[in-house]
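Q: Sequence:
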Amino acid sequence: MSITLQQFEKIDGLYASILRMGNFETCADPRGYIQASNRLLDACIDAVGYDAACEFPSAEECAAAIVTRCLSSATLVMAA
Numbered sequence: 001m002s003i004t005l006q007q008f009e010k011i012d013g014l015y016a017s018i019l020r021m022g023n024f025e026t027c028a029d030p031r032g033y034i035q036a037s038n039r040l041l042d043a044c045i046d047a048v049g050y051d052a053a054c055e056f057p058s059a060e061e062c063a064a065a066i067v068t069r070c071l072s073s074a075t076l077v078m079a080a
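Numbering (my numbering), first residue to last: 1 to 80.
No lab work stands behind these hints: they were computed from the structure.
You may find that some hints are simply not true.
To be verified - Derived CB-CB ranges, DEER-like:
| id | residue 1 | residue 2 | range |
| --- | --- | --- | --- |
| 1 | A64 | R31 | 32 to 38 Å |
| 2 | T68 | R20 | 26 to 32 Å |
| 3 | S2 | R31 | 18 to 24 Å |
| 4 | P30 | E55 | 25 to 31 Å |
| 5 | V67 | C27 | 33 to 39 Å |
| 6 | R31 | S73 | 24 to 30 Å |
| 7 | L5 | Y50 | 27 to 33 Å |
| 8 | T26 | T4 | 31 to 37 Å |
| 9 | L5 | D51 | 20 to 26 Å |
| 10 | N38 | Q6 | 18 to 24 Å |
Model, not experiment: these values are computed from the prediction.
Idealized CB from N, CA, C, for every residue including glycine.
All chains should be modelled from the sequences, with the hints used to inform the complete structure.
A: Shown next as structure tokens:
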């Protein structure tokens, strides 16, 4: 798996915004949470493909795996 820097930044930003919202059950804006989660899933699918993204139970877990792998390796994120 290798993704572009733009894809990584998009996934990282969307994932961070969901984390700031807190748990879905207690967040102040459930619709905003769902919209952000859908955008995150789309970004994950664009980066790693549908099949790879669907191996995770949620977009948040997929994004966490992508961000962790990319931060752990200097070769997974390509400049262009």
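Q: Verify the CB-CB distance for R31 and S73 against the hinted window 24 to 30 Å.
A: violated (36 Å)
Q: Starting from the range 25 to 31 Å, see whether the pair P30 and E55 falls in it by beta-carbon distance.
A: holds (26 Å)
Q: Can you let me know if the beta-carbon spacing of L5 and D51 is within 20 to 26 Å?
A: holds (23 Å)
Q: Has the hinted range 33 to 39 Å been met by the Cβ atoms of V67 and C27?
A: 20 Å Cβ-Cβ, so the 33 to 39 Å window is violated.
Q: That 27 to 33 Å hint for L5 and Y50 (C-beta), does it hold up?
A: violated (22 Å)
Q: Take a look at whether the Cβ-Cβ distance between S2 and R31 falls inside 18 to 24 Å.
A: Violated, at about 34 Å.
Q: Take the C-beta atom of T68 and the C-beta atom of R20, compute their distance, and say whether it sits inside 26 to 32 Å.
A: Given range 26 to 32 Å: violated, Cβ gap about 18 Å.
Q: At the C-beta level, are A64 and R31 separated by a distance inside 32 to 38 Å?
A: violated (23 Å)
Q: Could one say that the CB atoms of N38 and Q6 fall in the range 18 to 24 Å?
A: holds (19 Å)
Q: Take the C-beta atom of T26 and the C-beta atom of T4, compute their distance, and say whether it sits inside 31 to 37 Å.
A: holds (34 Å)
Comparing the model with each numbered hint stated earlier shows that hints 1, 2, 3, 5, 6, 7 do not hold.
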